[in-house]
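Novice: Going line by line, the protein sequences match chains D and B. Residue numbering for the first sequence follows my numbering, starting at 1 and increasing by one per position. Residue numbering for the second sequence follows my numbering, starting at 567 and increasing by one per position.
No lab work stands behind these hints, which were simulated from the structure alone. Since we're looking at a predicted model, the values are computed, not measured. Please note that a few of the clues may not be correct.
Heads up, simulated DSBU-like pairs for lysine-lysine below, C-alpha to C-alpha not over 30 Å straight-line [as the list claims (entries may be wrong)]: (1) B/782 with D/550; (2) D/482 with D/550; (3) B/909 with D/528; (4) D/510 with B/978.
The following label-pair restraints were derived from C-beta to C-beta distances [unchecked claim]: (5) B/994 with D/99: 53 to 59 Å; (6) B/802 with D/93: 16 to 22 Å; (7) D/520 with B/802: 44 to 50 Å; (8) B/981 with D/521: 17 to 23 Å; (9) B/1065 with D/549: 55 to 61 Å; (10) B/647 with D/452: 39 to 45 Å; (11) D/207 with B/1030: 23 to 29 Å; (12) D/514 with B/647: 20 to 26 Å; (13) B/1030 with D/521: 47 to 53 Å; (14) B/981 with D/93: 27 to 33 Å; (15) B/981 with D/502: 44 to 50 Å.
All C-beta atoms in this analysis are idealised placements derived from N, C-alpha and C, irrespective of residue type, glycine included.
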Amino acid sequence: MNDPASRPENQTPGENGNSVSLTRIIKSKGAIVVGGFIISLLLLVMTANKINWQLVKDAFNSATWLPWLPLAVFTYLVGMLLRGLRLKQLVSTEASLTVSTASNIIAVGYATNNILPARLGEFARAGMLAERTGLPYALSLTVTFLERLLDGLTILSLFVLAIFVTPTDQWLKPAALVAGLLFGCAIPSVLMLAFAPQLSLSLASQLSIPLGRKWHNRALALVTQVTRGLSCLRDAPTALSVLATSFLIWIIEGLMFALIMPCFNLPINLVKAIAVMAFTNLGILVPSSPGYIGTYHVCCKTALLAVTGSDTISNLTNGTILTNSSTLTNSTALQAMPGYQLADMPFLSNSIGHISDSTALSYAVVVHLVFYITVTVWGVIAMARYGLELGTTAALAWEAKPISDLPEASEKMAIITSVPTQQRGNHSFKPTTFWLSVVGASVPTGSLPLTVEERAEAILYATQFVCTELGALPFTLRILFKIGILTFRSITIVTNFCPFESISKARQAKVINAWSYGPIGLTRKLFKPLRSLALLAFFEHPAVLAALDKSNDSSEKFESTSKVQN
Amino acid sequence: MTAQQIDTAKEKLTSNKPLRVQVLIIGSGAGGSTTANVLAEQGFEVVVLEEGERHSLADYGQSPTKAMSLLYRNRGIMPIMGSVPIGYVEGRTLGGSTEINSGFWHRLPPEFLMRWQARFNLTDFTQDTLDEHFQWAEDILSVGLHPGPWPKSTEVFHRGAEAMHWSGQEVKRSASGCENNNTCSSGCPKGARQGVSLKLIPDAQAKGARFITGCKAKLLLKSRGKITGVLAEIHKPEGTSDLVRIDADHIFVCAGPTQTPGLLRKSGIKEHIGDTFQIHPMLKVSALFDEEINAQHSVMPLLQVKEFWPDISLGGSFFSVGHLALNLGDNWLENQNVIQNYKRMATYYVAVRGTGRGTVRTSPLGDGDPVLRYNLSDVDIRHLSQGLARLSSLLLSAGAKEVYPCVQGLPKISSELDAVRWLDESLPRSLLSLTTVHAFSTCPIGEKAEHCAADSFGKVHGFDNLYVNDASMLPDSPGINPQGTIMALARRNALHFAALNRGH
Chain D
1 MNDPASRPEN
11 QTPGENGNSV
21 SLTRIIKSKG
31 AIVVGGFIIS
41 LLLLVMTANK
51 INWQLVKDAF
61 NSATWLPWLP
71 LAVFTYLVGM
81 LLRGLRLKQL
91 VSTEASLTVS
101 TASNIIAVGY
111 ATNNILPARL
121 GEFARAGMLA
131 ERTGLPYALS
141 LTVTFLERLL
151 DGLTILSLFV
161 LAIFVTPTDQ
171 WLKPAALVAG
181 LLFGCAIPSV
191 LMLAFAPQLS
201 LSLASQLSIP
211 LGRKWHNRAL
221 ALVTQVTRGL
231 SCLRDAPTAL
241 SVLATSFLIW
251 IIEGLMFALI
261 MPCFNLPINL
271 VKAIAVMAFT
281 NLGILVPSSP
291 GYIGTYHVCC
301 KTALLAVTGS
311 DTISNLTNGT
321 ILTNSSTLTN
331 STALQAMPGY
341 QLADMPFLSN
351 SIGHISDSTA
361 LSYAVVVHLV
371 FYITVTVWGV
381 IAMARYGLEL
391 GTTAALAWEA
401 KPISDLPEAS
411 EKMAIITSVP
421 TQQRGNHSFK
431 PTTFWLSVVG
441 ASVPTGSLPL
451 TVEERAEAIL
461 YATQFVCTEL
471 GALPFTLRIL
481 FKIGILTFRS
491 ITIVTNFCPF
501 ESISKARQAK
511 VINAWSYGPI
521 GLTRKLFKPL
531 RSLALLAFFE
541 HPAVLAALDK
551 SNDSSEKFES
561 TSKVQN
Chain B
567 MTAQQIDTAK
577 EKLTSNKPLR
587 VQVLIIGSGA
597 GGSTTANVLA
607 EQGFEVVVLE
617 EGERHSLADY
627 GQSPTKAMSL
637 LYRNRGIMPI
647 MGSVPIGYVE
657 GRTLGGSTEI
667 NSGFWHRLPP
677 EFLMRWQARF
687 NLTDFTQDTL
697 DEHFQWAEDI
707 LSVGLHPGPW
717 PKSTEVFHRG
727 AEAMHWSGQE
737 VKRSASGCEN
747 NNTCSSGCPK
757 GARQGVSLKL
767 IPDAQAKGAR
777 FITGCKAKLL
787 LKSRGKITGV
797 LAEIHKPEGT
807 SDLVRIDADH
817 IFVCAGPTQT
827 PGLLRKSGIK
837 EHIGDTFQIH
847 PMLKVSALFD
857 EEINAQHSVM
867 PLLQVKEFWP
877 DISLGGSFFS
887 VGHLALNLGD
897 NWLENQNVIQ
907 NYKRMATYYV
917 AVRGTGRGTV
927 RTSPLGDGDP
937 VLRYNLSDVD
947 IRHLSQGLAR
957 LSSLLLSAGA
967 KEVYPCVQGL
977 PKISSELDAV
987 RWLDESLPRS
997 LLSLTTVHAF
1007 STCPIGEKAE
1017 HCAADSFGKV
1027 HGFDNLYVND
1037 ASMLPDSPGI
1047 NPQGTIMALA
1057 RRNALHFAAL
1067 NRGH
């Protein structure tokens, strides 16, 4: 797949094959592209027929743009940087990537989605990630898939949460239940793929073997690529930070939706905004034209009406119940508009009154424009900066196409798929100051004639060895060991009021000895491998061996001098 | 076969051409390389998959810490869990554990042969039938006694055995040209201690067998009661891994006592697989003498005391300053200064024929690594305690001033009175630091289907074309270094297979 020879007609990205590549992609996804355009068109026509355009015009004329619109744009930009941060986290064990480059890559992907059909931006993004980091395309594509998967799961969970804490139209509840069900099924599957790759492979093999060799190979290739992509989640800190960033990204996106509400004299309500954001983003999974035109608007408008427009909701609000659905009401919250203070707002209140279709559509148009223009401009600037042309991006998209879409050489091909090799646990334990302190406290302190530099070098060598060896522990033991070390660190902080690495050397040695040789069997078992590995490596270091010999020579000299004196 | 030919074989495997082989062997250790050699000689088309890499002699003989990452499975970190965690190591390189073991060689003692035959109903399993296979292996590995004078660590051990009037003898080794360079556990750079990669594998290659290294079997593919092939992962130098499918008519799983049951269980083959994991638990002691031993520069002690065999064996262990520190680590606060006398120290062991129960299961998490469990029995503890008493007495009689057992909280033994205490008392179970290098019996062979995973010749019950042929097939703990028995049985089984399948 990475072999240039495997490219169609041996073309390289950016050369004259770009147009051919683009054509091939569009051709290969022809049905989706055509379907997307039809759906977009239908939705646009349906919406246009129902809308009183005069009211839309009125809504725009009476809108309050400042400071809300710039704030929304700024919020969206922050969200993009957070997406970049998450991408950096996802590839941190494979490649070094700055947040700005990562954000540019994502912007290019989004911009391509906005300009080209069939979500080609996802492939372009993977292609650019590979090009910028040197990662194999297969892995880049898997990382992109993982990002989208995380997005999907985060949006689903935010949607379910938002719908159940805020009153909405009745029809949204079943939708939330379905989403919850999907979420409930997806989470165990993702966990299994991330944490049990061998089990996933066995299961995929068993389930697909009756389908014949071709589909068996495809299933195995897919599972192998996905499990490889998800492997970064096996590291607990990475998994937690990626998860936290994902939620932050989509809460920020929700905030962007919320900040546009006051433009149309709607009170800011983050929960409702998150519900609208989530529904809209789930809705645009349906094939549509580039930029999700039509689909986005209908979903956004429908969601906004659903979270604000039912009688049930109106009854729950503090404001006047609607009497005329085509105009804005004078609810308590709205009376304060447009110059109300954010601090006065009940941030999570349900106090949005019933709004009109036209206002909802106006709102959807503005939200879409904020997203569309911001990211497209960013993406185009990024493309220009990296010297990419749209055609090249499409060519990169071809490079990143999954194995299942490539022409098959033979039904009986030996190679099923190719993924980057993952070194076992190589990033599980890094020789940080903490580990240097632990190893330093486990080996002899002053009994050997070592210079400060020699001792530091030997401790560094031993620490690197200890970390590499601990990383080779079988998966379950590695997790248990990490939990044990986390407990050790926490208890040390509680009992010493500072982290282990910050306490004095003498105290460090005391703590290590208490855990290594104390009365509690569990602490002894935790420290035994650590201590053993540290001692083994320390006493294999050439400087330590030389110091031992030196110390032996001097004691022998001392013994012979004593004998002579005697 | 030259290295170039091997590369060609690898290229063929990683190309998009279909690959079907007659006999696929997984693992290139004592069992796998013997099987490959015999079957290639019998005219079968043989491909061997080895998870580890091929190393030249120049890569061997490095420091223990470097050798661990180069030649050992999991970088030498393979704990056996249980009430007493036991450190276990095995090789992961072309030639498997034969590249890093001591090379000690035993034939299966007749009493075990008869006991196994009776307990497991093994057919065609007699001294006469096995002798030729032992002889073949001994010839190919140049098994014999140590070529030069005994190193000091052996001398003192011999002195102790004589003083105690116990039966002890030098054990034959597959190390005909041993130069005493103390590198057995990191691969002999002189090629004196013969792993199977030195002669047996090149011989197999010359007969047409292909060895593909850096290739880990991930799953056996089954269809209608037959194994159709293997899913394997090939690591390529440029940092990618290919998932490949290899179809085969017959498959021999020879991945060792932990990986063979692991692979079979991962592939859904579980009947009596991994249920009877046996080991030789080993307790090490470090002894301090008045005289210089310089064990760090010599081969490990060559004598074994078999006075208390089969339950208890006494012998000598690999020695380096790092390993000495590790052994003293159980009581480091009290004993750390002793390490300065390392030139006057050597390490010995008590090994017992384990009677506890062990299992090999696969972890549902991660890459499905085998999870090893062994519960030390009370009998094991008694034997270890008595063994410590005997070994300490022997070493003190040999002139040792102090003996330091790997038992946390146990003070050094400096008199025979301190030593014999353990004839009557049991060592504290939770404070023991045990290791082992001998594991077996995870897929026992025999005709007793209620106990055995495979028939008398290693064919896995329920399958026509799947075989086990490594340490996992030994039906029970042999109480000796098992390499000789593994190779002899592997050859016997391979010849039996050839006789049945020749011309098919």
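Novice: Now tell me if each hint is right for this structure.
Specialist: How the hints compare with the structure:
1. B/782 with D/550: Between residue 782 of chain B and residue 550 of chain D the Cα gap is close to 46 Å, so the pair fails against 30 Å, i.e. violated.
2. D/482 with D/550: Distance ~38 Å between residue 482 of chain D and residue 550 of chain D Cα, so the pair is violated.
3. B/909 with D/528: 25 Å, holds
4. D/510 with B/978: Holds, because 23 Å separates the two Cα atoms, which is no more than 30 Å.
5. B/994 with D/99: 53 to 59 Å: Check passed, 55 Å falls within 53 to 59 Å.
6. B/802 with D/93: 16 to 22 Å: 19 Å, holds
7. D/520 with B/802: 44 to 50 Å: 47 Å, holds
8. B/981 with D/521: 17 to 23 Å: 29 Å, violated
9. B/1065 with D/549: 55 to 61 Å: 60 Å Cβ-Cβ, so the 55 to 61 Å window holds.
10. B/647 with D/452: 39 to 45 Å: 40 Å, holds
11. D/207 with B/1030: 23 to 29 Å: 24 Å, holds
12. D/514 with B/647: 20 to 26 Å: 25 Å, holds
13. B/1030 with D/521: 47 to 53 Å: 49 Å, holds
14. B/981 with D/93: 27 to 33 Å: 55 Å, violated
15. B/981 with D/502: 44 to 50 Å: Given about 46 Å between the Cβ atoms, the range holds.
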